[in-house]
Amino acid sequence: MDLMESKHVQAIIGTISPQEANLVSEFDKATKNIPIISLSPVATFPHSATLSSLVQMSHDVKLHMQCIAAIVGNFGWQKVTPIYEDHSTFSSSPRLLTYFSDAL
Numbered sequence: 001m002d003l004m005e006s007k008h009v010q011a012i013i014g015t016i017s018p019q020e021a022n023l024v025s026e027f028d029k030a031t032k033n034i035p036i037i038s039l040s041p042v043a044t045f046p047h048s049a050t051l052s053s054l055v056q057m058s059h060d061v062k063l064h065m066q067c068i069a070a071i072v073g074n075f076g077w078q079k080v081t082p083i084y085e086d087h088s089t090f091s092s093s094p095r096l097l098t099y100f101s102d103a104l
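Numbering of the sequence shown is given in our numbering, commencing with residue 1 and proceeding in unit increments.
These are calculated hints, taken from the structure and not from any lab test.
Nothing here was measured: the structure is a model prediction, and the numbers come from that model.
Any given hint might turn out to be false.
Claimed, not checked - Have a look at the derived ranges for each label pair, beta carbon to beta carbon:
{"id": "1", "residue 1": "Cys67", "residue 2": "Asn22", "range": "20 to 26 Å"}
{"id": "2", "residue 1": "Arg95", "residue 2": "Glu26", "range": "30 to 36 Å"}
{"id": "3", "residue 1": "Gln19", "residue 2": "Asp102", "range": "31 to 37 Å"}
{"id": "4", "residue 1": "Asn74", "residue 2": "Gln19", "range": "27 to 33 Å"}
{"id": "5", "residue 1": "Gly76", "residue 2": "Asn22", "range": "26 to 32 Å"}
{"id": "6", "residue 1": "Ser101", "residue 2": "Gln19", "range": "28 to 34 Å"}
{"id": "7", "residue 1": "Asn22", "residue 2": "Asp102", "range": "29 to 35 Å"}
{"id": "8", "residue 1": "Asp60", "residue 2": "Glu26", "range": "27 to 33 Å"}
{"id": "9", "residue 1": "Thr98", "residue 2": "Asn33", "range": "29 to 35 Å"}
{"id": "10", "residue 1": "Cys67", "residue 2": "Val9", "range": "29 to 35 Å"}
{"id": "11", "residue 1": "Ile34", "residue 2": "Gln66", "range": "20 to 26 Å"}
{"id": "12", "residue 1": "Ser17", "residue 2": "Thr81", "range": "17 to 23 Å"}
{"id": "13", "residue 1": "Cys67", "residue 2": "Glu20", "range": "16 to 22 Å"}
{"id": "14", "residue 1": "Gln19", "residue 2": "Gly73", "range": "26 to 32 Å"}
Ideal Cβ positions, reconstructed from N, Cα and C, are used throughout, including at glycine.
Taking the hints into account, I'd like the entire structure generated from these sequences.
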């Protein structure tokens, strides 16, 4: 939460579980309007009014990276901080960061 406040986070993109998304959206008023884009491989999120800023994506990892790069470009963000989790099912692809770098 400190990162969100101190660095003025504008979006959260990652493999976020329904519980994590609920926690982030309910933890602090400052995070209520931050869009959350989940790259979870399975459609596991129930429809919920509390998660009105949640978008879930699935399918090909390379397409995910292209989509994230398009979002970065659309908003004109000059800095992107990738946080890599080696224990995540999604980030088990060895070329994940390469795909993202190429897409940017």
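Structure-based check of each hint:
no.	hint	in the structure
1	Cys67 to Asn22: 20 to 26 Å	23 Å, holds
2	Arg95 to Glu26: 30 to 36 Å	35 Å, holds
3	Gln19 to Asp102: 31 to 37 Å	32 Å, holds
4	Asn74 to Gln19: 27 to 33 Å	29 Å, holds
5	Gly76 to Asn22: 26 to 32 Å	30 Å, holds
6	Ser101 to Gln19: 28 to 34 Å	30 Å, holds
7	Asn22 to Asp102: 29 to 35 Å	33 Å, holds
8	Asp60 to Glu26: 27 to 33 Å	32 Å, holds
9	Thr98 to Asn33: 29 to 35 Å	32 Å, holds
10	Cys67 to Val9: 29 to 35 Å	18 Å, violated
11	Ile34 to Gln66: 20 to 26 Å	22 Å, holds
12	Ser17 to Thr81: 17 to 23 Å	21 Å, holds
13	Cys67 to Glu20: 16 to 22 Å	20 Å, holds
14	Gln19 to Gly73: 26 to 32 Å	31 Å, holds
The structure does not agree with numbered hint 10 stated previously, though it agrees with all others.
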